[in-house]
Amino acid sequence: MSLLDYFRISKVGTASVAKERLQILVAHERSSKNQPSYLPQLQKELLAVIQKYVNVGQDAISVSFEQDEEQETLELNIVLPDQK
Amino acid sequence: MARIIVVTSGKGGVGKTTTSAAIAMGLAKRGHKTAVIDFDVGLRNLDLIMGCERRVVYDFVNVINEEATLNQALIRDKNCNLLYILPASQTRDKDALSQEGVGRVLDELKKDFKYIVCDSPAGIEKGAHLAMYFADDAFVVTNPEVSSVRDSDRMLGLLASKSRRAEQNEEPINEFLLLTRYSPDRVKLGEMLSVDDVQDILSLHLLGVIPESKSVLNASNSGTPVILDEKSDAGQAYADIVARYLGEDRPHRFIEDKKGFFRKLFGG
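Which chain is which? The protein sequence lines are D and S, in order. Each step along the first sequence adds one to the number in this note's numbering, with nothing skipped, and position 53 is 53. Each step along the second sequence adds one to the number in this note's numbering, with nothing skipped, and position 210 is 1210.
No lab work stands behind these hints: they were computed from the structure. Mixed in with the good hints, there may be bad ones.
Stated by the list, open to error - Each computed DSS-like pair below joins lysine-lysine, with the alpha-carbon atoms no more than 27 Å apart:
id, chain 1, residue 1, chain 2, residue 2
1, S, K1110, S, K1094
2, D, K33, S, K1126
3, S, K1110, S, K1033
4, S, K1188, D, K19
5, S, K1258, D, K19
6, S, K1029, S, K1110
7, S, K1231, S, K1258
8, D, K33, S, K1162
This structure is a prediction, so every number in the text was calculated from the model and none was measured.
Make the full structure from the sequences, and use the hints.
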């Protein structure tokens, strides 16, 4: 760090960006780490079944798995298109 | 009771072997009989860092395969007679290490040694898995940099689920953070993740911070663990880490930018 650096002290460092990116990523990876390995396949097959009856897109369905000391919860969320 | 320490990180090039060499030497210098094992089969390097590369006759895989006894393979360190090195094999057979074989060698070492330091290879393959499997304590070596922090978090997950202690429902492995290649001046400028940033993400007990230091390359050039360079900042940082691990209360150093006003003003 030299005299010149004092003139660009207002420049925001990249460390805060790094921290923010890491916090999001690590939280995501920790939550998906405990998920059963069949989850992506289950999601794919469920989507195929629903698409047979309703015209929904790829992201209309989300499957999430949560675990606490008492129980394991499989949450299935399907967004149906607006009826016109 | 002997303790097995794994030095691990997930990511390569963060300072695992430098750290293994330094803390093994530090523990031995403090009077504890210590063995340090290179688990990086195929890419042996601990011998170079310890300066005993020309004295390797037998290696870890020879002992596992019962082609040599443990005493034949262990190399006594030239600087400290309480420190022994068990070098990795240069074989390209990635199945050379077996869980049963590693367990057997560690059991034998435990009879004679106080501390057994396992220098893990990078990655999460077999060598890395076996290096941490039998551990009592884990030193997680991390650089203040995104990919290293992410990989460390991944390793923490594996330590908590795939180790012997986890599988047998014993007390979990004690995990410690060693933040290496730290530049306080860059942290001050907001260019580098700070100790607090990394701890916010990994929530680990901080054993110490090793500053980015020329002495580390000098030490590896000459094949002497950096902890023996007692005048250097990195050497002192490792000495602090060994003392803290042994239960001493030492204030953290090398976290603040200590350069004087004039050096800052004129650079350098």
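Going down the list of hints, with the structure as the test:
1. S/K1110 to S/K1094: 25 Å, holds
2. D/K33 to S/K1126: 20 Å, holds
3. S/K1110 to S/K1033: 10 Å, holds
4. S/K1188 to D/K19: Cα-Cα ~15 Å, so holds.
5. S/K1258 to D/K19: 24 Å, holds
6. S/K1029 to S/K1110: 19 Å, holds
7. S/K1231 to S/K1258: 16 Å, holds
8. D/K33 to S/K1162: 13 Å, holds
Consistency note: the structure conflicts with none of the earlier hints.
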